[in-house]
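Protein sequence lines, in the order shown, are assigned to chains E and X.
With the numbering used here, letter number 359 in the first sequence gets 362, and the count goes up by one each step, no holes.
With the numbering used here, letter number 263 in the second sequence gets 266, and the count goes up by one each step, no holes.
Be aware that one or more of the hints could be misleading.
A pair counts as met if it fits within one copy or between any two copies, since identical chains are not told apart.
[Unchecked claim] Here are the computed lysine to aspartate or glutamate pairs in the EDC-like style, where the Cα-Cα straight-line distance is at most 20 Å:
| no. | residue 1 | residue 2 |
| --- | --- | --- |
| 1 | Lys149 | Glu46 |
| 2 | Lys212 | Glu283 |
| 3 | Lys237 | Glu287 |
| 4 | Lys212 | Asp99 |
| 5 | Lys212 | Glu98 |
| 6 | Lys444 | Glu388 |
To be clear, the hints were calculated from the coordinates, so they are not data collected in a lab.
Protein chains: 2
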Amino acid sequence: MTTAQQYALKHANRFRSELHELLRIPSVSTDKDYAAECKKAAEWTANQLASIGLSAEVIPTGRHPLVYAEWMGAGPDEPTVLIYGHYDVQPASKEDGWDTEPFEPVERDGKIWGRGTTDDKGQFFAHVKAVESLLQAEGRLPVNVKFIIEGEEESGGESIAKFVHDHPDRLAADVCVISDGSMANKGIPVIVYALRGITAFEVTVYGPKQDLHSGMFGGTVHNPAQALAEIISKLHKEDGTVAVPGFYDDVRILGDNERTELEKVPYTRQAWEADTGAPEPWGESDYTIQERIGARPTLEINGMASGYWGNGVKAIVPEKAWAKISCRLVADQDPATISKLCQDYIMAIAPTTVRVEIKQFAVGTSSPQVDIDTPMMQAAIRAYEKGWGAAPVFKREGGSLPIVGDFQKVLQIPVILMGFGLNTDGLHGPNEHMHIDMFHKGIDTSIVFLNEVAAL
Amino acid sequence: MTTAQQYALKHANRFRSELHELLRIPSVSTDKDYAAECKKAAEWTANQLASIGLSAEVIPTGRHPLVYAEWMGAGPDEPTVLIYGHYDVQPASKEDGWDTEPFEPVERDGKIWGRGTTDDKGQFFAHVKAVESLLQAEGRLPVNVKFIIEGEEESGGESIAKFVHDHPDRLAADVCVISDGSMANKGIPVIVYALRGITAFEVTVYGPKQDLHSGMFGGTVHNPAQALAEIISKLHKEDGTVAVPGFYDDVRILGDNERTELEKVPYTRQAWEADTGAPEPWGESDYTIQERIGARPTLEINGMASGYWGNGVKAIVPEKAWAKISCRLVADQDPATISKLCQDYIMAIAPTTVRVEIKQFAVGTSSPQVDIDTPMMQAAIRAYEKGWGAAPVFKREGGSLPIVGDFQKVLQIPVILMGFGLNTDGLHGPNEHMHIDMFHKGIDTSIVFLNEVAAL
Numbered sequence: 004m005t006t007a008q009q010y011a012l013k014h015a016n017r018f019r020s021e022l023h024e025l026l027r028i029p030s031v032s033t034d035k036d037y038a039a040e041c042k043k044a045a046e047w048t049a050n051q052l053a054s055i056g057l058s059a060e061v062i063p064t065g066r067h068p069l070v071y072a073e074w075m076g077a078g079p080d081e082p083t084v085l086i087y088g089h090y091d092v093q094p095a096s097k098e099d100g101w102d103t104e105p106f107e108p109v110e111r112d113g114k115i116w117g118r119g120t121t122d123d124k125g126q127f128f129a130h131v132k133a134v135e136s137l138l139q140a141e142g143r144l145p146v147n148v149k150f151i152i153e154g155e156e157e158s159g160g161e162s163i164a165k166f167v168h169d170h171p172d173r174l175a176a177d178v179c180v181i182s183d184g185s186m187a188n189k190g191i192p193v194i195v196y197a198l199r200g201i202t203a204f205e206v207t208v209y210g211p212k213q214d215l216h217s218g219m220f221g222g223t224v225h226n227p228a229q230a231l232a233e234i235i236s237k238l239h240k241e242d243g244t245v246a247v248p249g250f251y252d253d254v255r256i257l258g259d260n261e262r263t264e265l266e267k268v269p270y271t272r273q274a275w276e277a278d279t280g281a282p283e284p285w286g287e288s289d290y291t292i293q294e295r296i297g298a299r300p301t302l303e304i305n306g307m308a309s310g311y312w313g314n315g316v317k318a319i320v321p322e323k324a325w326a327k328i329s330c331r332l333v334a335d336q337d338p339a340t341i342s343k344l345c346q347d348y349i350m351a352i353a354p355t356t357v358r359v360e361i362k363q364f365a366v367g368t369s370s371p372q373v374d375i376d377t378p379m380m381q382a383a384i385r386a387y388e389k390g391w392g393a394a395p396v397f398k399r400e401g402g403s404l405p406i407v408g409d410f411q412k413v414l415q416i417p418v419i420l421m422g423f424g425l426n427t428d429g430l431h432g433p434n435e436h437m438h439i440d441m442f443h444k445g446i447d448t449s450i451v452f453l454n455e456v457a458a459l
Numbered sequence: 004m005t006t007a008q009q010y011a012l013k014h015a016n017r018f019r020s021e022l023h024e025l026l027r028i029p030s031v032s033t034d035k036d037y038a039a040e041c042k043k044a045a046e047w048t049a050n051q052l053a054s055i056g057l058s059a060e061v062i063p064t065g066r067h068p069l070v071y072a073e074w075m076g077a078g079p080d081e082p083t084v085l086i087y088g089h090y091d092v093q094p095a096s097k098e099d100g101w102d103t104e105p106f107e108p109v110e111r112d113g114k115i116w117g118r119g120t121t122d123d124k125g126q127f128f129a130h131v132k133a134v135e136s137l138l139q140a141e142g143r144l145p146v147n148v149k150f151i152i153e154g155e156e157e158s159g160g161e162s163i164a165k166f167v168h169d170h171p172d173r174l175a176a177d178v179c180v181i182s183d184g185s186m187a188n189k190g191i192p193v194i195v196y197a198l199r200g201i202t203a204f205e206v207t208v209y210g211p212k213q214d215l216h217s218g219m220f221g222g223t224v225h226n227p228a229q230a231l232a233e234i235i236s237k238l239h240k241e242d243g244t245v246a247v248p249g250f251y252d253d254v255r256i257l258g259d260n261e262r263t264e265l266e267k268v269p270y271t272r273q274a275w276e277a278d279t280g281a282p283e284p285w286g287e288s289d290y291t292i293q294e295r296i297g298a299r300p301t302l303e304i305n306g307m308a309s310g311y312w313g314n315g316v317k318a319i320v321p322e323k324a325w326a327k328i329s330c331r332l333v334a335d336q337d338p339a340t341i342s343k344l345c346q347d348y349i350m351a352i353a354p355t356t357v358r359v360e361i362k363q364f365a366v367g368t369s370s371p372q373v374d375i376d377t378p379m380m381q382a383a384i385r386a387y388e389k390g391w392g393a394a395p396v397f398k399r400e401g402g403s404l405p406i407v408g409d410f411q412k413v414l415q416i417p418v419i420l421m422g423f424g425l426n427t428d429g430l431h432g433p434n435e436h437m438h439i440d441m442f443h444k445g446i447d448t449s450i451v452f453l454n455e456v457a458a459l
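Produce the entire structure from the sequences given, and follow the hints as far as they go.
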């Protein structure tokens with residue numbers, strides 16, 4: 004065990020209580036009512052980075068601020084590691100089915116419970132504490148380190164995308180490491196080499212000018228909830244494929260070799276049932292569950308609402324109905340193209356008895372794929388072996404991290420996706436949590452990674 | 004003008020300010036959180052009836068109390084008029100699109116604005132003030148009068164149905180008058196002779212055990228919002244008819260004579276457009292708009308919800324989706340039979356990739372039709388002629404008043420549906436209102452009606 008790892012062990016409880024402070028800030032980036040909380044989380048993070056010895060600043064943007072910090076004391080002959088994370092979180096309220104308040108973190112059963120524990124506050128904070136441990140235990144870092152922590156990962160990430168394009172010099176580095184992912188099993192850490200892109204929009208169906216008495220007008224007005232349901236029902240075919248013409252045209256074909264490789268650590272039906280609790284799998288029958296998640300694009304209804312959904316009965320024909328729809332994309336689909344295809348199709352099938360409007364949300368990037376054969380990736384493998392205690396496997400993942408594509412394209416550096424979470428951590432849903440031992444193993448892995456990069 | 008009408012004119016402002024007191028009580032019967040408010044509205048109504056000289060009482064029930072009051076001073080040789088109304092209202096909140104607070108009534112542009120103004124507080128209160136005016140101006144009523152005011156009209160009405168069946172003696176009368184309806188034009192009052200029945204239920208589609216990250220699981224889980232949309236899309240055929248097998252089996256055929264009669268005061272497309280604001284009519288093309296509303300059964304989505312419907316994006320696969328569905332029924336459809344047909348069909352088409360549950364709400368009665376050729380109906384015609392100032396027309400209406408069937412069947416008396424509202428009053432929607440002059444004409448019409456019944 005290195006002296007930095009010893010330091011981390013000794014200060015474990017303090018590290019977590021600091022994390023609790025950050026978790027208590029409801030930095031929900033998708034809802035503009037929480038903008039002040041996002042700013043607060045950015046300031047907290049910058050103060051934290053400054054307090055451990057980095058020069059840190061909060062960078063205002065058009066929406067939620069960025070946090071930038073650096074320690075360049077290793078000198079120009081040593082490599083520079085860029086560490087990315089995000090302080091923003093998904094919306095959460097206790098009514099969604101949480102056992103405890105989402106923004107009042109508690110430790111129970113070996114886990115920290117709260118929104119953002121695993122996605123992504125707990126994960127990026129492991130790197131912060133790794134850097135603190137190295138600086139405190141050894142007086143210096145083995146490499147130069149830059150942190151860039153954004154606040155719009157859950158809501159489009161335009162501000163960091165703009166910053167990367169406008170100031171590539173400030174983020175110049177030899178490798179980028181991102182911990183914002185998860186593994187199926189603590190004993191088999193995972194390095195993700197492909198992610199899905201995303202695009203999202205909202206469809207609103209307008210019917211009458213206001214809610215109508217269903218007795219006085221029912222049977223003469225095309226009910227907007229029904230019309231929306233009719234539209235949604237036409238977005239997929241019976242076989243589970245997306246019915247939007249052209250949707251699959253640009254999808255990069257999954258080769259036989261890659262399918263064989265992925266099958267080595269299959270995602271079994273049993274594991275899927277345990278993770279989802281759903282009655283039986285659904286989707287494209289020509290692909291395994293793992294392939295559907297990692298290598299195939301999807302179209303999902305994220306939410307919908309119309310009329311009266313509270314207790315009891317309200318006998319109305321609703322004024323309108325709306326649905327939030329997002330598509331997960333794979334290489335080489337272009338988000339803007341897919342959005343247009345979907346929206347054109349919806350407008351084409353919309354009946355004339357209602358009026359349909361579509362609002363596009365922020366468009367993500369297309370799915371990045373990361374090169375596996377690099378020295379930096381070898382450093383990451385050794386970091387897991389020595390820091391985590393197990394060799395990693397390589398896999399595709401279904402989530403989206405738009406910034407990965409920007410870092411690859413603009414900064415021209417390898418991006419290592421080094422997740423410290425578990426598939427079952429409940430991210431984006433109720434009762435999100437992070438395993439306490441995984442938080443601490445993350446710190447150890449980050450310490451080893453920085454040492455291994457220096458040793459290359 | 005009778006002395007009672009003179010009294011009503013003199014006290015017009017006070018009558019309305021008393022009505023405002025009742026309108027301020029949010030007696031929403033469909034939501035159990037408002038049970039105390041329903042009780043308060045019942046007590047207010049009983050106090051009001053006692054204060055004008057009737058013996059009044061609040062009768063507890065299994066849910067919301069009934070209000071009963073009587074004045075039997077005309078003696079056993081005079082007829083008895085039973086006046087029905089309901090103090091409960093539909094849910095309302097300013098966010099639904101109200102210009103003013105729904106439970107803070109205001110008078111503006113010749114109208115009283117607020118939830119319950121026209122449905123039904125303002126309408127039954129006109130009869131209360133007619134009785135007060137007669138008692139104060141003439142020292143007595145020309146007939147015996149009983150009031151029965153319920154608190155569950157918007158939520159099934161089981162308690163009054165039970166009361167009518169258990170205590171028909173207490174409600175014994177020669178005629179029942181109900182003012183809980185509306186006309187298209189102030190100058191052409193309407194007596195409704197047929198109403199639709201209703202039945203309502205809630206369908207919930209369960210998918211995964213909790214909201215899931217759409218990147219990590221999207222494409223492998225049958226999205227409950229999508230599955231619900233697929234079910235809803237199969238409830239109607241392309242031609243606007245309900246697709247549930249057997250749905251129309253018991254519908255009483257609309258005869259050619261009646262169709263011709265109804266066509267005399269048609270509900271034009273222009274009027275429909277003005278009332279609904281919808282782009283174009285929808286529904287059964289073999290029937291006119293008026294027939295679709297009055298003489299044909301329907302199936303409506305009253306509301307639905309799933310996942311995240313607030314601001315911005317939340318990239319999840321929702322845990323569940325639910326829809327509130329109600330059917331408007333016509334003679335001779337049985338509500339329980341229709342509910343079962345609908346629910347069996349939904350369970351039959353539900354995919355095995357999700358789990359579906361259906362909850363039945365209170366079941367109403369089937370559509371009552373009232374006999375037009377009665378002396379009491381002649382009294383009602385004269386009441387409109389002399390009190391309102393115009394002769395009424397007879398029509399079918401699409402709404403439901405379950406109690407009408409009970410009064411007809413159990414009490415064996417004619418039921419006169421004497422509406423004092425306007426189609427455009429916004430009942431069940433935002434900005435519900437009642438025209439001030441129609442409230443006062445209602446009082447006059449009620450005064451004349453009681454005199455005309457005595458004169459028969």
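Hint check results:
no., hint, in the structure
1, Lys149 with Glu46, "within (17 Å within a copy, 70 Å between copies)"
2, Lys212 with Glu283, "between (41 Å within a copy, 12 Å between copies)"
3, Lys237 with Glu287, "within (16 Å within a copy, 22 Å between copies)"
4, Lys212 with Asp99, "between (31 Å within a copy, 12 Å between copies)"
5, Lys212 with Glu98, "between (31 Å within a copy, 15 Å between copies)"
6, Lys444 with Glu388, "within (11 Å within a copy, 88 Å between copies)"
Violation of the numbered hints given earlier is absent; every hint is satisfied by the structure.
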